[in-house]
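**Student:** The primary structure of each chain is shown beneath.
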Amino acid sequence: MATPILDIAGYHLDYATPAGFTRALDDVALSIAKGEVLGLVGESGSGKTSLAWAIMRHLPKSAREAGAIRLTGQDLLKASEADIEAIRGKRIGMVFQDPSTSLNPTLPLGEQLAEVLVRHRGLTRKQAWAEGEERLARVGLKIPKQMMRRYPHEASGGEKQRVVIATAFACQPECIIFDEPTTALDVITARQILDLFKELQAETGVASLYISHDLALVSQIATTVAVIHRGKIVERGAVADVFARPQDAYTRKLLAAVPRPDHRLIGTTPDKAARPLVEVEKVSVHYGRKPFLGSLLGRANTQFTGNREVSLSVLPGEILGIVGESGSGKSTLAKAMTGLNRFEGEIRFAGRRITGLGDMDRAYRRDVQIIFQHPDSSLNPRQRIREILSRPLELYGEPGARKDAAAIGELLEQVRLPASYADRYPHQLSGGEKQRVAIARAFASRPKLVICDEITSALDVSVQASVVELLVDLQKRFGTAYLFITHDLNLVRQIAHRIAVMYRGDLVDLVDVTALTDGTLHPYTRSLLDAVPAPATAAA
Amino acid sequence: MIESLRRMLRSPQGALGLVIVGLILFVVAIGPWFAPYDPEKMAPLMRYKPPSAQFWLGTDQYGRDILSRLLHGARATVVMAVLATALGTLVGAVIGTISAFLGGRSDEAIMRTVDAIMSIPSLLLALLIVNLLGKSSLNAVLAIALAFAPGMARVTRSVALAVRKQDYVNAAIARGESAAFIVGREMLPNVVAPIIVEMTIRVAFAVMLFATLSFLGLGAQPPASEWGLMVSEARRFMHLSPWMILWPSLAVALVAIGFNLLGDGLRDALNPRS
Amino acid sequence: MPSIHRRDFLAASAAFGGLGLTGLPAFAQTTPRRGGTLRVSVDQAVSKLNPLVTRVNPEYLVAELLYSGLTRLKVDMSAEPDLAESWTNSPDLTEWTFVLRKGLTFHDGQPCTAADVVATFEAILDAKTASPARQNVGPISKVAARDDSTVVFTLSAPFADLPVTLAYTNAKIVPASVIKGGLEKLDRQAIGTGPFKLVSFEPERQIIVVRNEAYYDKARPYLDKVEVVVFPDVSAEASALIAGDTDLISTTPPTEFGRLQKASGIKALRVPSGQFCNVNFGCDQKPFNDVRVRQALALTVDRAAMVDFVTEGFGSPGNDTPLSPAYRFHAELPAKQADIAKAKALLAEAGYPKGLEATLIASDRPGQRTQLAVALREMAKPAGFDIKVETMPHATYLDQVWKKGSFYVGFYNMQATADAIFSLLYTSNAAWNETRWNNAAFDKLVFEARATVDETKRRALYAEAQKLMYAEVPSIIPAFFDLLGGQRDWVEGYQLHPRGAVFRLDFVSLGAKAPKRG
Amino acid sequence: MSPAYILKRILLIGYTLLVVSLIVFAITQILPADAAVMMLGENATPDALAALRLKMGLNDPIWMQYLHWLAAVLQGDFGSSMRTGQPVAPAMLEALGRSLLLALFSIGLMLVLAIPLGIVAAVRRGRGADLGVSFLSYIGVSLPEFVTATLVVLVLADWLQWLPATGYVPLTEDPLRGLRHLVLPVLTVSLILIAHVSRMVRSELVDVLQSDYIRAARLKGLSKRQVLFKHALRNALLPTITIVALDVGYLLGGVIVVEEIFALPGIGRQLIVAIQARDLPSIQAGALIMATTYAVANFLADIGYAWLDRRIQYD
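Chains as they are written, first to last, in this note's numbering: chain A, 9 to 548; chain B, 3 to 276; chain C, 2 to 519; chain D, 2 to 316.
It should be emphasised that the hints constitute simulated quantities derived from the structure, not laboratory data. Since the structure is predicted, the reported quantities are computational estimates derived from the model, not experimental observations.
Here are the simulated DSS-like pairs of lysine-lysine, each with C-alpha atoms no more than 27 Å apart in a straight line: (1) C:Lys75 with C:Lys458; (2) B:Lys43 with C:Lys389; (3) C:Lys345 with B:Lys43.
Covered stretches of chain D, going by a simulated chain C footprint (3 or more residues, C-beta under 8 Å): (4) 83 to 89; (5) 161 to 175.
Heads up, the beta-carbon is just placed ideally off N, CA and C, and yes, glycines get one too.
Take these sequences, add in the hints, and give me the full structure.
**Tutor:** See the structure below:
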């Protein structure tokens, strides 16, 4: 193996807190050689980002370090402020998670690229802009000239991330850190960015540190992988080895948690003959009202459509997955079905026609429950868990039903939380625990259908796995039907019976899971399938 | 609440503000008992005395003890200000919540009108109202309350709208809760906190505004010992005894500073971002 | 000091008839320097320019610069010729004849003749003009022009003070043509016969006048230019004089006087006056229609302390009569002393054993009104009076309380004669009958006095009148103000006038040390 | 920023002024003062009063009076003062001019001082400089104008005698004296502005400095200065524009007191005089003019903001 470009040895990092020092990184040792891509995998709080900051020498004052971070032999810990400024962007580039926040909203994209060239390569502004154009062309932007002049809000997420990447590669650095560069993007865009990365990487042979929480993704692009947990590198090695023969328990847990389409979690199949539980008939949703002045000036209606004539039905005990990128109208539908949006068309539930909020009576509400994406906003911060859970009991519980502490306790244990949590406030719970409480609230009324709106996308892989497992388990116990909304195709393919694909407000496909791999599919569904990397072990 | 109080004490402004305001409220509550003299007792031979062991802050044009007058005046000044703010907040909160609740065109109409009213400087509005109602502390309170209402309406509305967007409110709606329950149990508890912050800061303004009104001769009336009035009376005797004008001025400033600090402290404490 | 005033009246007027031609001031020793700009400051806006309707001292000051009357007041309160060079009266004092100077012209060049005088006085006497002079120029029933330069006043009753009352601040002569055309014309411009002509008029800021070359006296005025600067803030006004921005303060409150005395290069001016702040009772309504209540309250007043509180010591105690020692017919009466016990007794006698509640209203201008009110409140407490002080903006006060209220604080300039002050405020037919005392005996005395020529008789009558007020207390007059002012050393020939509304700036000149001003 | 937006904002100004005119008229109509009495003075006779009332249409129903008044106002005629008998509008506009002079000087001084202070505080966050600035700004925000004003007069004018305590001299008449007279008022007014704005700048800048794109800029190897002045500042200063505009509202209120104390014949002082003298036409004109100024200031601020900040899609 060639001499490493980046070499981290025995690196320790602690942050000073009122309670004393807390360890962020513990004896980290890594090295990346030219042309190598090291995938650094870990869940939130594992310290992977801290490591990135440490390498970039961008740590808060409260940081205390030990060990060495060498860039082609030069120890960055000992480097002066000036040296560091010279190194940043020139010898070490960085690509950030979210292009919409990592670009200055008030400067033209071109300027933000050019300034690096001016700073590090001493070009004149004119030269810099000229080269900037080439760079943008290089990262596959169709209209580089215009793009240079545009402001961030005038470009799409993908375009912006390409600009960021172009900037990172601008000075042919020896090493680039990619901090979850695709997490903020839509599946398909993410795919394209990923391809771009591979291409550029191969071409420049830059030593890359690719940080991600997504094992599947890393397995696609990394040559070697390191798993970080609580600031410790628990395992590292060639991708194939690690994924095929994980040594560390945590790695195994992580791998197990990765959703795999081929690994179904649902045994049951709903009886196709049964009368559908819910039928959605030509439901359309429009947002925004006609602006008074706009119409006065005879301008076109500025409303936009959230759903266009969507029709689908859910069988009792069926899990219907709904996938699509953000803004495709998944949640809009969910809101319509729970009376949070007014809609056109109708919903048939247990034979009753429902055309609007007014028709959603106690029975319907009891039987159709919803769980939201963000647990911290879906639980009232000023109510104890007890109050939160007791509401549905009071609302829907049969006259004789118990609403006492015991009942609350049961609900909590149902979702594998200690009954003692009843006295806690939401902010005293972890994200996963909050989501469990939300689930408990939804199941309190023994509903027939639960709408899960991206309920796992805010959670870490392992937590997500356990939540999904919980859902599956509840489904087994109560035969509840789910409308499982997500952008994660792999996940949904594990649990759904049928999958509905939404695109810009339209329902483009509604097929059985098994039919996904073969059969005639809408081109969008295809690209979606292609975009999703199949986890490594599938390959191994 | 306890915990956010602790957080507030940790921030320097919060702690300092709490101390100052506490001190002030203490004076308001039992200040008069500490007053060494009768605030209205005149002493022809003791006029314009500088601070001394006998009169800690000196005496005024009637030979009245300034310290005693300040201690008594605290009520006139602070209580009135708090009263005015509370009143204004109440009115504003109601308007704001209604507006947020109605939404749509009516919301827009209400808010535009509120904006319109806000384009009259609050001092001017207060001046006009006091002239309309006649000069007295109570009318000054009303005037300030009315002048504050629009601003509070705006604040309340924006907060209410923000809360309205939260998923726990959606959940409640989807659950089929009554409007009353949603507003009362789900929304209000979350709306109150920011409003309290806004209120605290506005008390500072109210103190200043009220004092200013009295200063312009439209608030409290002689021989009251309201601080703004004391300043405006003292101006005429500025050259016979600067102390007369210094003390009440400082007192007004101190109260304003106290409430400003407290407000900022509260804001930081109640806002998770910090 | 009153002795200066003692002079036989008719003799006086005759004497001036002769002396009038020269009109030179008695006190001017060396001939004053000509030229220069005097910057005089006033403490209120000059919102009225029309001399017939002016109401406050700054307005009087400006009117006096721009207009002339038939006569004018000397510092000793006697009349001296102005437009009129001489005058005579019928023995029964009901017909007065005034002879105008020759060749008088208004600022716009047209001549000023008897016709203008007649027109002016008819306008003054016309209620629609709403001129304060109407009730103050004397009992004039008819004004007629015998020829271009002779005016005859026919009176409804014998009246000895006419030459003095004709010097009233509002009795300034304006062109007949203007009166015909409508007096609004005088709201913005000045067409008078005064020693100065108007250059610019900014009511809130400053009024600038320049010498009237066509003035009847070739010697006066000595100044080229006078700038009247408005300072709504009295302490700023004093600061400006100390800083040398201004040359003269016409009147300054006691609170600022101390600074002027200390400041170098400044002469602090002080003159005893009949100016007073009083507490008016509505003698026609409960509770103050009962003389005992009024006496009781009067007995609570510690007048020495009041002089301190209200005038900062620059004044003299009052005896509830408006005639201060500065008046010619002031009568020496035993100084009133505070006597709480007696006050209590009287109050109980009047049916208020448990004390009495009342609201005392004081306008916020000038500040002394409130001070008097607050001080009285404290003094009256022990006697069982529970007085609530209510202050209000001057405009509201004029609109709602003045002349109507039953218990409020008044503030008055010294008048030229005893008759003037009495018939302005206290007789039943007074122009501003504030107290509605309506005391027949009092009216009779005043009426007799005005028709009496004999000095001693007249003095006796006025003494009686004063005794009546002393006893019945239609209003409490606890203290008289000394008038205070200040001037730079280089200002010469200026005398503070006890009347408060007279300034005689045409006799002022600037010394060599005076700064040159544009 | 679409023309539709601008049109909308202009319509809003119209609406604002309509509401304000209603309020002002309503209040002035019920003020305890008889317009006729005010005009003729206390020696007026009943018949004269009656005649004037008829002439002024004081006997019409209120709404009629309002419409007449509004119609006149729309033609720029606010009637004539009850005190001086002069037409009100010109006088008030002239006064407004003087106030704006005061306002402009104050805003100028504020910009010169507040922004640097804010920057220093933000950059030296948590250190001495920061504490110093925030301490000063607390003082500034908490001192009522009349206190500040009295103190500066006491010290600068009366004790040190550096500057004239009050009064006003048109710059056209004598620039030097004019400026000398402006110093104290400007100091008083700008103190509060400086306190307020420097706080704004600080907190905005602190937020911006913590944002991702600033970090990104730093990690591109740009120097602290480059980052601060090129990337951070413009983003931090944008919101302050709106603040300044809102402060115009405060300014107009604040000048009332300041002008009163310094006898500066601006619109604030005119209003006080008018209010004390119950000079209804002047009050109405003054209040409306103030509201207009405020509305226009905000309008301009919004336009400017929109123009500077391309992100915002107005319509």
